[in-house]
Structure formats: C-alpha cells, structure tokens
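**Q** So the sequence lines, in the order shown, correspond to chains A and B. Read left to right, the first sequence gives residues 1 to 352 (the UniProt record's numbering). Read left to right, the second sequence gives residues 1 to 245 (the UniProt record's numbering).
Worth flagging that the hints you see were computed from the coordinates, not collected in a lab. These numbers come from a predicted model, not from an experiment. Be aware that one or more of the hints could be misleading.
Across the chosen pairs, the derived CB separations fall in these ranges [claimed, not checked]: (1) A:L175 - B:S147: 55 to 65 angstroms; (2) A:L239 - B:G175: 30 to 40 angstroms; (3) B:E119 - A:M83: 51 to 61 angstroms; (4) A:L213 - B:D31: 41 to 51 angstroms; (5) B:N120 - A:Q62: 40 to 50 angstroms; (6) A:E181 - B:R78: 41 to 51 angstroms; (7) B:G175 - A:P301: 46 to 56 angstroms; (8) B:A84 - A:I130: 33 to 43 angstroms; (9) A:L175 - B:E119: 43 to 53 angstroms; (10) A:L175 - B:G32: 29 to 39 angstroms; (11) A:A154 - B:D31: 55 to 65 angstroms; (12) A:G92 - B:S102: 36 to 46 angstroms.
Which residues of chain B face chain A? A partial, calculated answer using Cβ under 10 angstroms [said to hold, decoys possible]: (13) A48; (14) G50; (15) T54; (16) V80; (17) P81; (18) A87; (19) V93; (20) L99; (21) D107; (22) N108; (23) E150; (24) L176; (25) L238.
Calculated Cβ distances over 10 angstroms to all of chain A for the following chain B residues [what the hints assert, rightly or not]: (26) S91; (27) D98; (28) S102; (29) A113.
We put the CB at the ideal spot given by N, CA and C, even for glycine.
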Amino acid sequence: MDFLQLFDPTIFPVLAADGLTNGAVYALLALATVLVFAVTRVIFIPLGEFVVFGTLTLASLQLGKVPGTLSLLLVLLGAAALMEALTWVRRGQAGRGLLTLGGAALLGAALWALAGWAVPLKPPLWGQVILTLLLVAPLGPLIYRTVYQPLQNATVLVLLIASVALHLVLTGLALVFFGPEGSRTPPFAAGNVTLGQVTLSWQSLLVILVSALLMLGLYFFFDRTMPGKALRATAVNRLGARLVGISPSSAGTLTFTLAAVIAGLGGMLIGPSVAMTYDSGFLIGLKGFIGAIIGGLVSYPLAAVGAVLVGLIESFASFSLSAWKEVIVFTLILPVLLWRSLTTRHIPEDEE
Amino acid sequence: MTAVSGAQPAAPLLLEVRNLHTRYGRVEALDGVSVQVPAGHIVSVIGANGAGKTTLMNSIMGVLPSSGEIFYQGQSLRGVPLEARVARGISLVPERRDLFASMTVADNLQLGAYSRRRENWRADLDDVYARFPRLLERRTQLAGTLSGGEQQMLAIGRALMGKPRLLLLDEPSLGLAPLIVRDILRIVQGLRGGGVTVLLVEQNARASLAISDEAYVLETGQVSLHGPAAELARNEALGASYLGG
Numbered sequence: 001m002d003f004l005q006l007f008d009p010t011i012f013p014v015l016a017a018d019g020l021t022n023g024a025v026y027a028l029l030a031l032a033t034v035l036v037f038a039v040t041r042v043i044f045i046p047l048g049e050f051v052v053f054g055t056l057t058l059a060s061l062q063l064g065k066v067p068g069t070l071s072l073l074l075v076l077l078g079a080a081a082l083m084e085a086l087t088w089v090r091r092g093q094a095g096r097g098l099l100t101l102g103g104a105a106l107l108g109a110a111l112w113a114l115a116g117w118a119v120p121l122k123p124p125l126w127g128q129v130i131l132t133l134l135l136v137a138p139l140g141p142l143i144y145r146t147v148y149q150p151l152q153n154a155t156v157l158v159l160l161i162a163s164v165a166l167h168l169v170l171t172g173l174a175l176v177f178f179g180p181e182g183s184r185t186p187p188f189a190a191g192n193v194t195l196g197q198v199t200l201s202w203q204s205l206l207v208i209l210v211s212a213l214l215m216l217g218l219y220f221f222f223d224r225t226m227p228g229k230a231l232r233a234t235a236v237n238r239l240g241a242r243l244v245g246i247s248p249s250s251a252g253t254l255t256f257t258l259a260a261v262i263a264g265l266g267g268m269l270i271g272p273s274v275a276m277t278y279d280s281g282f283l284i285g286l287k288g289f290i291g292a293i294i295g296g297l298v299s300y301p302l303a304a305v306g307a308v309l310v311g312l313i314e315s316f317a318s319f320s321l322s323a324w325k326e327v328i329v330f331t332l333i334l335p336v337l338l339w340r341s342l343t344t345r346h347i348p349e350d351e352e
Numbered sequence: 001m002t003a004v005s006g007a008q009p010a011a012p013l014l015l016e017v018r019n020l021h022t023r024y025g026r027v028e029a030l031d032g033v034s035v036q037v038p039a040g041h042i043v044s045v046i047g048a049n050g051a052g053k054t055t056l057m058n059s060i061m062g063v064l065p066s067s068g069e070i071f072y073q074g075q076s077l078r079g080v081p082l083e084a085r086v087a088r089g090i091s092l093v094p095e096r097r098d099l100f101a102s103m104t105v106a107d108n109l110q111l112g113a114y115s116r117r118r119e120n121w122r123a124d125l126d127d128v129y130a131r132f133p134r135l136l137e138r139r140t141q142l143a144g145t146l147s148g149g150e151q152q153m154l155a156i157g158r159a160l161m162g163k164p165r166l167l168l169l170d171e172p173s174l175g176l177a178p179l180i181v182r183d184i185l186r187i188v189q190g191l192r193g194g195g196v197t198v199l200l201v202e203q204n205a206r207a208s209l210a211i212s213d214e215a216y217v218l219e220t221g222q223v224s225l226h227g228p229a230a231e232l233a234r235n236e237a238l239g240a241s242y243l244g245g
C-alpha cells in the first residue's frame with residue numbers, strides 16, 4: 001500500500017473533488033442537525049432516513065411508480081390532524097377542530113391526486129425533484145407534530161430515545177416502500193469540465209454549488225428575516241422567546257420543515273454518487289452528526305467545516321484503505337471530543 | 001386581608017385576579033391572592049423574598065399553571081397559553097430578564113414585535129430608542145455584553161415593542177445601582193402617559209410606592225394589605241418591615 005500515491009497529481013484532485021462533493025452534502029446535514037438540536041433539543045438521528053427517502057422517492061418517480069412515501073405522508077397527516085383537532089376540542093373550540101380535520105383531508109386528497117396524476121406521466125427531472133420535495137418535506141413537520149411536540153417538556157435523553165425509535169421505524173418503512181435493492185439516480189448534469197489538469201464532473205460542481213447556495217440562503221434567513229431570528233431566539237432563550245410570543249411548537253414545526261427540505265435535497269444531490277439502500281441513512285446522518293459535534297452542536301460554521309473535513313477524510317481513506325474507511329472517519333470523533341471536553345466550559349444541564 | 005381604604009377604583013379594571021392558587025409540588029406559593037389593576041394605573045406589589053411576588057407575575061403571564069380566575073379586559077384567561085396572552089397585549093419583563101444574549105440589541109427589540117410582525121413596528125422602534133437613547137448607541141452590540149442597567153432597559157424596551165396594554169414588571173431594580181433604579185422607575189412612570197397599565201413587583205418598596213397609584217403587600221402567598229400607594233407609604237406597620245423604619 002502506497003500512501004504517497006494519494007498525492008499523485010492525477011489522483012489527488014479527483015479524491016479531493018469527491019470528498020468535497022460528499023462533504024458539501026454532509027455539511028448540509030450537519031447544519032440541519034445543529035439547527036434541530038438548538039431549537040428543539042432533539043438529536044435528530046432520523047435525518048439520515050430523510051436523505052434515503054429523498055433519493056429513493058426520486059428513484060421511484062423515475063420508474064413511474066408512486067412511492068410508499070405518499071402513504072406514510074397521508075397516514076402521518078391524518079394522525080397529526082386528529083391530534084391537532086383533539087387539542088382544539090379540549091380548549092372548547094370544536095369548530096376549529098373540525099376545520100383542521102377538513103383542511104387536512106383536503107390537503108391529503110390534493111397530494112394524493114397530484115401524485116396519482118403526475119407520476120405516471122414521468123415529468124422531467126426538475127418536476128420529479130419538486131414532486132419529491134412535496135412528498136418528503138412535509139414528513140418533517142408531521143413527525144414533529146406527532147412524535148416530538150407531545151414530548152416538548154421531556155429531557156434530552158427521552159427525546160434521544162424517541163429519535164432512535166423513529167430511526168428504526170423509518171428504516172423499516174424504507175425497506176417496505178423501496179425494497180432491499182439499492183438505487184442510484186441519474187446525475188442532474190452530464191459531462192465533465194476540465195480546469196487545467198483537473199477534471200471535475202458537472203454533477204460534482206452542481207452539488208457543491210447548490211449546497212453553497214442553500215447555506216447562503218440559510219445565512220440570510222437566520223440573519224435578516226423575522227422567522228429566522230425567532231428560531232435563533234428560541235435556541236438562545238426559550239422562555240425569553242415565549243415571552244415575545246414565539247411558541248415553541250411553531251418554532252419546532254418550522255425547524256423540522258427546514259431539516260426535512262435540507263435532508264431531502266441532500267439525498268437527491270448525492271443520489272447519483274452513492275448507491276443508496278433503505279439502510280444507508282444512518283451512516284450518512286452520522287457523518288453529518290460528526291460535523292455537528294465538531295461544531296459543538298452550537299456553531300454553524302464549525303459544523304459545516306467539520307462535515308467537509310469528514311467528506312475529505314472519507315474520500316482519501318476510501319482510496320488507500322477502503323476497508324477501513326468508516327473506521328477512520330468515526331475514529332476521528334475521539335480526538336475531537338477530547339479536545340472539546342478540554343476546551344469547553346461545562347454547563348450543568350438544569351441551567352439550560 | 002385588611003384594606004387600608006374602602007374606596008373603589010373609578011377606572012375600569014384591565015386585570016382582575018380572583019382567588020389565585022399556585023403550587024410548587026406541595027408548597028402553596030400563592031394561597032388565594034386577589035388583585036385588581038385599573039386601566040391606566042401603576043399598581044405595585046411589595047413583599048419580602050419568597051412572599052410569592054414573582055410567582056404571581058408568572059401565573060398572570062401563564063408561565064406557571066395556576067387555579068383561580070384571571071380576567072383580562074373582562075375575559076377569562078383560563079386555557080389561554082402564554083404566547084396568546086402576549087398577542088392579546090400582556091407583556092412580562094421577567095426578573096432574570098431572559099434576553100437573547102448572543103443577539104444584537106436591535107434584534108432583541110425587533111423580536112419584541114414578533115407578535116405584531118405583520119403590523120408596522122418600525123415606528124415603535126424609534127419610540128423605544130427615544131425612551132432609551134442608550135439602546136440606540138448600543139444597537140449593534142450583543143445583548144449579553146450590556147451592563148446590568150442597560151440589560152434592564154433592553155428587557156423593558158423589548159416588552160414595549162409588543163405594544164402591551166398591560167406591562168408586568170418583575171423586580172426591575174434588582175442588582176442595579178440606585179441612580180439607575182431611579183432612571184428606570186422614572187421611565188416606568190412615563191409609560192402611563194402612553195396608555196400602558198403597569199403591575200410592578202418590587203423589593204424596593206419606598207421607590208415603587210412613590211410612583212404607584214395602588215399597592216398590595218404580599219406575605220407568604222397572601223395579600224396582607226392593600227390600598228392607595230400614598231396611604232401605604234405612610235402606614236407605620238408597613239414602614240417597620242418594608243420601608244426601613
């Protein structure tokens with residue numbers, strides 16, 4: 001085994017480009033992980049499953065099949081609407097409860113009709129991407145409403161256990177919906193671009209570009225808009241946020257919507273470069289999580305940088321020590337944790 | 001409960017608390033408290049540490065669950081969550097201030113208008129800056145880097161951005177130098193002109209009675225005395241225990 005081969009001018013750029021491409025997607029996942037934890041204190045392990053649902057839903061659509069994602073969406077929509085209606089009834093506003101149920105039924109019927117009409121037509125790729133987002137993104141807020149919102153006042157540990165359970169359920173559902181075989185989606189852009197000695201695929205460039213744009217968009221959202229600032233406020237001081245009228249539930253709903261959109265898009269972005277199976281989500285999510293840990297679950301820039309680093313290390317490791325690739329990536333977390341535990345001030349949990 | 005004066009307030013009641021009970025586990029922090037706050041008045045609640053003053057504020061705001069009745073603008077607040085109370089015009093400036101420490105002063109103030117985000121709140125920002133010129137100077141600074149007095153100003157300013165009809169102020173003078181306390185209480189007094197009704201909790205009884213119309217004295221979760229602030233300020237028994245003789 002020759003490590004020096006890594007630095008061969010024909011190999012190094014290829015590996016670096018590969019690492020950056022996957023790293024960009026991991027960075028998106030790391031940002032979503034930090035966001036969800038900061039606002040709701042949930043360590044959202046099922047984020048990886050959202051990536052899988054993104055890729056495999058798109059793959060189903062390309063075959064002209066209505067994906068199982070739709071039935072999950074409809075069931076969750078029904079459950080969430082029932083819970084919401086019950087809350088209204090308990091507050092003595094049965095009328096609004098009925099309205100919620102009616103609205104959810106209409107929305108469900110509309111989504112069902114849209115999928116039933118559009119999927120067999122095999123729309124162009126951009127249409128499939130939008131359809132996939134329509135099917136995957138609502139799962140985020142719906143899961144928040146049905147699973148996490150009732151646990152709003154639970155400890156971080158209970159929320160983590162709920163996350164593990166949810167991860168197992170979603171992995172099982174992915175097996176039922178998409179079968180045991182992996183799928184690879186076709187690239188969004190074909191061909192290569194040559195920059196000097198380095199040849200990059202348009203697809204890689206597209207992934208990096210879209211990820212960067214998404215991060216820029218998130219930055220503006222959090223820095224300039226009222227809803228974005230409200231999410232930051234909830235993360236900084238939950239009671240303070242409630243005192244200005246920001247309800248933790250609406251902040252949680254928005255957060256999980258963002259996370260689901262990010263992860264679903266991430267899944268479609270790396271779909272062409274990874275053979276995705278129903279159980280790939282955990283490892284992918286974990287790589288984003290390591291990035292998030294490098295950022296201490298609070299710093300967005302550090303989390304993004306950490307995740308890109310994870311992508312690069314993974315890429316170089318897969319070339320020279322491919323059997324040890326995951327071992328190397330996950331061992332990386334040990335020195336990081338050690339460094340963080342030595343440099344970070346310890347904050348007792350009850351002080352938030 | 002002894003009333004110093006039997007006179008009924010002439011102004012309509014903005015807030016009426018009837019027989020409020022709040023418990024922490026088995027400890028009854030509020031044991032049948034009734035408080036009336038007429039619109040446009042400044043009403044203060046004084047009492048020693050642990051008398052239940054902060055609990056009263058948190059119960060009215062909906063931070064803590066309580067039993068008994070709270071009427072605001074003639075409507076019961078039962079089952080109305082905290083966020084909805086904010087939208088109806090009640091604002092609490094909590095004892096711990098609960099600012100967004102890692103965000104700028106301007107962002108803190110902007111978020112104060114969250115419940116009115118569809119209205120035009122920018123004019124109110126100028127109004128708050130006019131009341132607290134110090135905040136205008138510090139508007140790009142992070143809230144966590146402000147001095148104690150400035151943080152209290154920011155907490156009050158943030159609450160005012162919500163255009164409250166009823167402002168609940170919990171110990172605004174806590175931990176502040178006497179000069180700053182005077183400034184802050186003067187600003188509170190100035191709020192009355194702007195149509196804000198204030199319920200003020202203070203340990204600094206003499207200073208708060210001086211700017212209040214009515215006052216209540218809380219002792220171990222019960223109202224032991226209430227009446228016009230001027231009369232309470234002259235009350236000898238009260239003077240011995242709260243006003244420093």
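**Q** If a hint holds in the structure, say so; if it doesn't, say that too.
**A** The hints, checked one at a time:
1. A:L175 - B:S147: 55 to 65 angstroms: 59 angstroms Cβ-Cβ, so the 55 to 65 angstroms window holds.
2. A:L239 - B:G175: 30 to 40 angstroms: violated (19 angstroms)
3. B:E119 - A:M83: 51 to 61 angstroms: Violated, since E119 (chain B) and M83 (chain A) (Cβ atoms, about 31 angstroms apart) do not stay within the stated range.
4. A:L213 - B:D31: 41 to 51 angstroms: This hint is violated: roughly 59 angstroms between Cβ atoms.
5. B:N120 - A:Q62: 40 to 50 angstroms: Since N120 (chain B) and Q62 (chain A) have Cβ atoms about 48 angstroms apart, the given range 40 to 50 angstroms holds.
6. A:E181 - B:R78: 41 to 51 angstroms: For E181 (chain A) and R78 (chain B) the Cβ distance comes to about 57 angstroms; the hint is violated.
7. B:G175 - A:P301: 46 to 56 angstroms: violated (34 angstroms)
8. B:A84 - A:I130: 33 to 43 angstroms: holds (36 angstroms)
9. A:L175 - B:E119: 43 to 53 angstroms: This hint holds: roughly 50 angstroms between Cβ atoms.
10. A:L175 - B:G32: 29 to 39 angstroms: Given range 29 to 39 angstroms: violated, Cβ gap about 60 angstroms.
11. A:A154 - B:D31: 55 to 65 angstroms: Violated - the Cβ-Cβ distance for A154 (chain A) and D31 (chain B), about 31 angstroms, lies outside 55 to 65 angstroms.
12. A:G92 - B:S102: 36 to 46 angstroms: For G92 (chain A) and S102 (chain B) the Cβ distance comes to about 40 angstroms; the hint holds.
13. A48: violated (25 angstroms)
14. G50: This hint is violated: G50 (chain B) lies away from chain A, its Cβ roughly 20 angstroms from the closest one there, beyond 10 angstroms.
15. T54: violated (13 angstroms)
16. V80: Constraint on V80 (chain B) satisfied, holds at 9 angstroms.
17. P81: Holds: closest Cβ of chain A sits about 7 angstroms from P81 (chain B), inside 10 angstroms.
18. A87: The hint holds - A87 (chain B) has a Cβ within 10 angstroms of chain A, the shortest such distance being about 6 angstroms.
19. V93: For V93 (chain B), the interface hint holds, since the closest Cβ of chain A sits about 8 angstroms away, which is under 10 angstroms.
20. L99: It holds, given that the least Cβ distance between L99 (chain B) and chain A is near 6 angstroms, below 10 angstroms.
21. D107: holds (6 angstroms)
22. N108: N108 (chain B) check passes; min Cβ-Cβ to chain A is 8 angstroms, inside 10 angstroms.
23. E150: Nearest chain A Cβ about 16 angstroms off; hint violated.
24. L176: Interface hint status for L176 (chain B): violated (19 angstroms vs cutoff 10 angstroms).
25. L238: Nearest chain A Cβ about 31 angstroms off; hint violated.
26. S91: Nearest chain A Cβ is 7 angstroms from S91 (chain B), so the label is violated.
27. D98: violated (4 angstroms)
28. S102: Non-interface label fails for S102 (chain B): nearest chain A Cβ at 5 angstroms, not farther than 10 angstroms.
29. A113: Label violated. Min Cβ-Cβ 8 angstroms, cutoff 10 angstroms.
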